[in-house]
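The listed protein sequences correspond, in order, to chains A and B. Under the numbering used here, residues 295 to 699 are what the first sequence spells out, in order. Under the numbering used here, residues 48 to 290 are what the second sequence spells out, in order.
These aren't lab readings, by the way, just hints derived from the structure by calculation. Heads up, some of the hints might be wrong.
Which residues of chain A face chain B? A partial, calculated answer using Cβ under 10 Å [what the hints assert, rightly or not]:
no.: 1; residue: Arg299
no.: 2; residue: Ile307
no.: 3; residue: Ala309
no.: 4; residue: Ala310
no.: 5; residue: Leu313
no.: 6; residue: Asp549
no.: 7; residue: Asp553
no.: 8; residue: Arg605
no.: 9; residue: Glu606
no.: 10; residue: Arg610
no.: 11; residue: Leu616
no.: 12; residue: Arg617
no.: 13; residue: Pro692
no.: 14; residue: Ile693
Here are the simulated distance ranges between beta carbons [said to hold, decoys possible]:
no.: 15; chain 1: B; residue 1: Ser118; chain 2: A; residue 2: Thr641; range: 50 to 60 Å
no.: 16; chain 1: A; residue 1: Arg342; chain 2: B; residue 2: Glu166; range: 22 to 32 Å
no.: 17; chain 1: B; residue 1: Asp180; chain 2: A; residue 2: Val587; range: 16 to 26 Å
no.: 18; chain 1: B; residue 1: Asp122; chain 2: A; residue 2: Leu653; range: 28 to 38 Å
no.: 19; chain 1: A; residue 1: His689; chain 2: B; residue 2: Gly177; range: 31 to 41 Å
no.: 20; chain 1: B; residue 1: Ser87; chain 2: A; residue 2: Val587; range: 16 to 26 Å
Yeah, the Cβ is synthetic: ideal placement off N, Cα and C, and Gly gets one too.
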Amino acid sequence: MRIRRNLLLSWEILAAHKLRTLLSVMGIIIGVAAVVLIVSMGRGAEERILGRIRTMGTNLVIVRAGQVRLIAGRQRQMNTVRTLLPSDAWAIAEECPSVASAAAAIDRNMPVKWGAGSIVTRVVGMNEEGFRIRNITTPSGHPFDSQEERAARRVAVLGHTVARDLFGDADPLGLQVRIRRVPFEVIGVAAPKGVDVNGRDQDDVIFVPLRTAMRRLFNVTYIQAIYVQARDAQASKLAEEEARNLLRQRHRLRDKPDDFTIQNQVTLLETEREMSRSMALLISSVAATSLLVGGIGILAVMLISVRQRRREIGLRRAVGALRRDIRNQFLAEAGLIAGAGGVLGVTLGVCAALAMSGLGYWEAVISWPAGAVAFVFSVSLGMVFGIYPAMRAAHLEPIQALRAE
Amino acid sequence: MIELEAVEKAYGSGSTEALVLKGISFRVEAGEYVAIMGASGTGKTTLLNILGCLDKPTGGHYRLEDTDVVSLDDDALSHLRNRKIGFVFQMFHLLERTKALKNVMLPLIYAEEYPDDAEERAKKALTSVGLADRIQYKPGELSGGQQQRVAIARALITDPAIVLADEPTGNLDRRSGLEVLAIFRRLQQEGRTIIVVTHDQAVAEHAGRILLLSDGAIAHDRPVAEPRDAEAELASLPKEDRR
Ligand SMILES: Nc1ncnc2c1ncn2[C@@H]1O[C@H](COP(=O)(O)OP(=O)(O)OP(=O)(O)O)[C@@H](O)[C@H]1O
Ligand SMILES: [Mg+2]
Numbered sequence: 295m296r297i298r299r300n301l302l303l304s305w306e307i308l309a310a311h312k313l314r315t316l317l318s319v320m321g322i323i324i325g326v327a328a329v330v331l332i333v334s335m336g337r338g339a340e341e342r343i344l345g346r347i348r349t350m351g352t353n354l355v356i357v358r359a360g361q362v363r364l365i366a367g368r369q370r371q372m373n374t375v376r377t378l379l380p381s382d383a384w385a386i387a388e389e390c391p392s393v394a395s396a397a398a399a400i401d402r403n404m405p406v407k408w409g410a411g412s413i414v415t416r417v418v419g420m421n422e423e424g425f426r427i428r429n430i431t432t433p434s435g436h437p438f439d440s441q442e443e444r445a446a447r448r449v450a451v452l453g454h455t456v457a458r459d460l461f462g463d464a465d466p467l468g469l470q471v472r473i474r475r476v477p478f479e480v481i482g483v484a485a486p487k488g489v490d491v492n493g494r495d496q497d498d499v500i501f502v503p504l505r506t507a508m509r510r511l512f513n514v515t516y517i518q519a520i521y522v523q524a525r526d527a528q529a530s531k532l533a534e535e536e537a538r539n540l541l542r543q544r545h546r547l548r549d550k551p552d553d554f555t556i557q558n559q560v561t562l563l564e565t566e567r568e569m570s571r572s573m574a575l576l577i578s579s580v581a582a583t584s585l586l587v588g589g590i591g592i593l594a595v596m597l598i599s600v601r602q603r604r605r606e607i608g609l610r611r612a613v614g615a616l617r618r619d620i621r622n623q624f625l626a627e628a629g630l631i632a633g634a635g636g637v638l639g640v641t642l643g644v645c646a647a648l649a650m651s652g653l654g655y656w657e658a659v660i661s662w663p664a665g666a667v668a669f670v671f672s673v674s675l676g677m678v679f680g681i682y683p684a685m686r687a688a689h690l691e692p693i694q695a696l697r698a699e
Numbered sequence: 048m049i050e051l052e053a054v055e056k057a058y059g060s061g062s063t064e065a066l067v068l069k070g071i072s073f074r075v076e077a078g079e080y081v082a083i084m085g086a087s088g089t090g091k092t093t094l095l096n097i098l099g100c101l102d103k104p105t106g107g108h109y110r111l112e113d114t115d116v117v118s119l120d121d122d123a124l125s126h127l128r129n130r131k132i133g134f135v136f137q138m139f140h141l142l143e144r145t146k147a148l149k150n151v152m153l154p155l156i157y158a159e160e161y162p163d164d165a166e167e168r169a170k171k172a173l174t175s176v177g178l179a180d181r182i183q184y185k186p187g188e189l190s191g192g193q194q195q196r197v198a199i200a201r202a203l204i205t206d207p208a209i210v211l212a213d214e215p216t217g218n219l220d221r222r223s224g225l226e227v228l229a230i231f232r233r234l235q236q237e238g239r240t241i242i243v244v245t246h247d248q249a250v251a252e253h254a255g256r257i258l259l260l261s262d263g264a265i266a267h268d269r270p271v272a273e274p275r276d277a278e279a280e281l282a283s284l285p286k287e288d289r290r
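Chain B with its partners taken away, still in its complex shape (with noise of 0.2 Å):
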């Protein structure tokens, strides 16, 4: 599904050029859940931005279900963008005086054919995350957990085979976090590709597999023994304020 090789990334040029990606090779499979580690600055905002086709490597290969996605023009990015990946970011990155319904069928206004149905099909997917009552919610009336499912929802809408996330957990409490972990670990259970980056280990061992950035480039690529239980966790907390 997803295929790097010696992928590199430069930023600036001549005399100020930082290479901050150094060669970075590996694939992921359709279904798989993969956990991206490392510490600040190492470059897990670049490489899943370069993996989300919102950015170009400047070095090396980047193969997506056989696209050869380096090749590709500003166009066809960015209808790749909108057919194959759904991105979760760390700042939620919502529209702030839009309405929690119209902020996830944002995506649906530049599909290639708009469906008719495209209310419907926010609906259930705020439904799947839990909103389905907030869906006449603008953005300031709901808690940082919420947004952050809005924002998966927004993901959603296209039906991706690739989930993105940039830290979904980062800016979130315990409970929270799990709630987002629990859905990623549902959207891999529907056979969806899920890719987070993550700083926290408990939230990467959630996932099937963690790679670890260092210095630009693969220091770890191992997978996950018994992954976590998103659900069994979220059962186990005490039961006070719920949302």
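Here chain A stands alone, though its shape is the one from the complex (with noise of 0.2 Å):
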């Protein structure tokens, strides 16, 4: 085809001129190394939230007594409420039918011993659904079961963080931690989950059958939580529906306040991914903004090539190029120097996010796909910014073209 044997010829001349073609494409690659690294960058802090969230358990709600508010962006519970009680959690699980399970919990932070070792962790009492619901694995050791659990025997599983704080890197398993000076035998130490949606560490904590924790530690007779698990995500909605519901019921409630608070997994996820999109939106209108300079970049050197250039399209009229073949290569010069800006400013894009996780700074997650938007949309960019110089050197008529100096 003419356009492609023409093509090679135009990248010679376009290669001769280095600094000419950077300069021209300078806008594009930054655009699109920008667009790259920020969409990674974002993709890495969205994929980040979205793990915390997932660790938090599968098709989840969170029953809490009282209030919880935001409080310098985490989450507080309010003024204890001694309404919540282990029957409340219980009756969800018989009585709602979104909901496949429940497990009741409270937890107090209390000084833990070992030895000469001591340290202040947080205690939770739990249901031994609990660790299913909340995805909490044991490799090594076991949880709980419900035989434990309902003769409030002084067993215990710890965190990963209290196992190595406590023991380092000996195996606790089948030692006795006292926990506010009651002894415990630990059964098992869970998977490290790391930090939670509040930046709280979920391994500094140590399991124990609820009923222990109520009775010989706490000296309770109502709970704090209630985790919840719905029978599959389309079911969470329901789920807290039927939660709430029963728990107004069965607290008397009426018109008054509730005195919980329901969290749902799958909204906070939602709320999240709503987060990124209008992130991605407001990405997305800053990287057009910084392309759309690329493009009048473009659009301004390939005004002066083509005036520098006037005497070569001349000749190329003079030995038989048509009007057109003189307009498809300028417009093919346009798109192939924005191609290669996008292939720069993808590499460097890429590069710079990989740098940025390298060094551990940021958690970078590549997008190839915004890579491919972002080469496609330099690559059109050019060629509509190209337009008008291409038309300007079609239009050239032959002998002042040739005359020109």
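Combine the two chains into a complex, taking the hints into account.
Shown next as structure tokens:
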């Protein structure tokens, strides 16, 4: 094809004017690189937050006693409310059709000792279903079962951080720790989960059977939270509603406000996705602006190029080039340099993103689709902004063009 | 082959209109070698551009091989230039950053059908003008005479019936000029029509016929009784630096 034969020649000519060519695509290179970098960083951040939400459990709905407020970006349970009871958890599990299972829980910070070592950690009393609902696994040892729970046995599953802090590399299974002077046998160590949505270490914790915690440690009859697992993701909104109605009825609230707060993992995920979507929109508009500037760079340099190459244009016309041959040539050149700029930009952006995660500043997830879109976009941008210079070139009269200096 | 009838060319319009060609008529038969002479500014280049279909007359008729050129549109003129005409410019007009071979191949890019042996043809054309060993050189690495010969090779690549040259020896020394004229003579012997614009009487006398242009009209049109022989003159030059 005529254009393809020509493109090789164009490439030689463009390559001979390295600086001019580079300058013309600088805007595109920087724009594309910025898009790839920011999208990769955004994806990294999103992935991390979504990961944290997922570590909470699967299809999880959390009921907390009292009102939970956001203070300085973190959730805080306000004043103690004594109305939430273990029987509420039972009732939710039994009576709500959209609920697969439910586990009651209560926690307090308490001193924990082993040998000479002593730390303060969060002691969580929890039904045995809690492990499954909250995706807590015990690669070493095993979680407590319903028997141990009902018998209020003094057994404990250590969080990863607690096990490390108290025992170092030693194996704690079968050993006895003291929680507020009460001896507990370590029967398992949970797999590490990292920080939660609030930035709290989920591994700095000790799990004990709910009944044991209520009777022997905290001496209370109420609980703080119910972890509810919906049958599936679709049922989670329904499960939330059923649990709310049931609790209002059981607590005889009539027209009083809720004495509990329900958090839905699906809603949390949706909010997070919503946020990253609006973030992406913001990024795209910034990117579009910078690429627009890049396009104007191409326009300017192509106009200069057409002016400087008038004699070449005249010559091509003299040896038989049609007007549209000249137009197509300059269009193709604009697309070519914009495309080359796009490739350079993607490379630069990916390198920057890799460097960022390599240096540990930020988790970046390379977004190849964003790179591809940026590339295609810059080629079309080059062509669009190349139209006017190309038309100018095509409209030159051969005689005039040949006379140009 | 070429037939001009009362051709006029005016530049500008209205009060600034200047009539450069004022009714020019002549015929050139196929295989003729014609020189066009005249003082500077008399319209030689203007006339040659019209002959080469680069420009259209503003009056009169121009027939090229029975085609009425004046009535053709831009695309048709381009095709005509590509197929029938080889142009040699005074300023060479080579692509600076491109090797001789690619420069010579340029017209083929715009040919109706790109020949498979394009590169072979370009090499042959360059060899025929004595530049077989300069194929990979860029214009900046060639002497003026060599650049002009690359330009001639480019004009020949499409095997045109007509070769038009505007001051082809204007920028060359005597030896290089004679080499170019020797090539033109050979092209004529191959049966091509050659029209050369020059202000140099000695150059014009290599042609078989001289047209003298004066003030936009033809002052003389006379045959050359005994055209000069470039080969013989080259041979008689002292043998110092060749090329
Ligand atoms: N594009 C143009 N616009 C206006 N006037 C022009 C244009 N081209 C040529 N002319 C005028 O036409 C006249 C003839 O120009 P042309 O270039 O044909 O002369 P020439 O005979 O080739 O001269 P020279 O020997 O110096 O090359 C000149 O007076 C020039 O000013
Ligand atoms: Mg001239």
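We went through each hint and held it up to the structure:
The restraint placing A/Arg299 at the interface with chain B holds, with a minimum CB-CB distance near 5 Å, inside the 10 Å limit. Residue-level restraint check for A/Ile307 holds (minimum Cβ-Cβ distance to chain B is 6 Å; threshold 10 Å). A cut of 10 Å between beta carbons decides the hint on A/Ala309: the least distance to chain B is about 8 Å, and the hint holds. Given the 10 Å rule on beta carbons, the hint for A/Ala310 holds: about 4 Å separates it from the nearest Cβ of chain B.
Because the smallest distance between the Cβ of A/Leu313 and any Cβ of chain B comes to about 13 Å, over 10 Å, the interface hint for this residue is violated. Because the smallest distance between the Cβ of A/Asp549 and any Cβ of chain B comes to about 85 Å, over 10 Å, the interface hint for this residue is violated. For A/Asp553, the shortest C-beta to C-beta distance to chain B is roughly 82 Å, which exceeds 10 Å, and the interface hint is violated. The beta carbon of A/Arg605 is positioned within 10 Å of a beta carbon in chain B (closest approach about 6 Å), and the interface hint is therefore held.
Taken as an interface hint, A/Glu606 checks out: its beta carbon lies about 6 Å from the nearest beta carbon of chain B, inside 10 Å. At a threshold of 10 Å, the smallest CB-CB gap from A/Arg610 to chain B is about 7 Å, leaving the interface hint in force. Interface restraint check: A/Leu616 against chain B, minimum CB-CB distance 5 Å, threshold 10 Å, status holds. The closest approach between the C-beta of A/Arg617 and any C-beta of chain B is roughly 6 Å, which is under the 10 Å cut-off, so the hint is satisfied.
Evaluation of the A/Pro692 hint against chain B yields a held restraint, the C-beta minimum of about 5 Å falling below 10 Å. Taking 10 Å as the C-beta cut-off, the interface hint given for A/Ile693 holds, the closest approach to chain B being about 5 Å. In this structure the supplied range 50 to 60 Å holds for B/Ser118 paired with A/Thr641, their Cβ-Cβ distance being about 54 Å. For A/Arg342 and B/Glu166, the Cβ-Cβ distance of about 58 Å falls outside the hinted range of 22 to 32 Å, so the restraint is violated.
B/Asp180 and A/Val587 have their C-beta atoms about 49 Å apart, which leaves the hinted 16 to 26 Å range violated. Here the CB-CB span from B/Asp122 to A/Leu653 is close to 59 Å, at odds with the stated 28 to 38 Å. The beta-carbon spacing between A/His689 and B/Gly177, approximately 39 Å, falls within the hinted interval of 31 to 41 Å. Evaluation of the 16 to 26 Å hint for B/Ser87 and A/Val587 yields a failure: the beta carbon distance comes to about 49 Å.
The structure does not agree with the numbered hints 5, 6, 7, 16, 17, 18, 20 stated previously, though it agrees with the rest.
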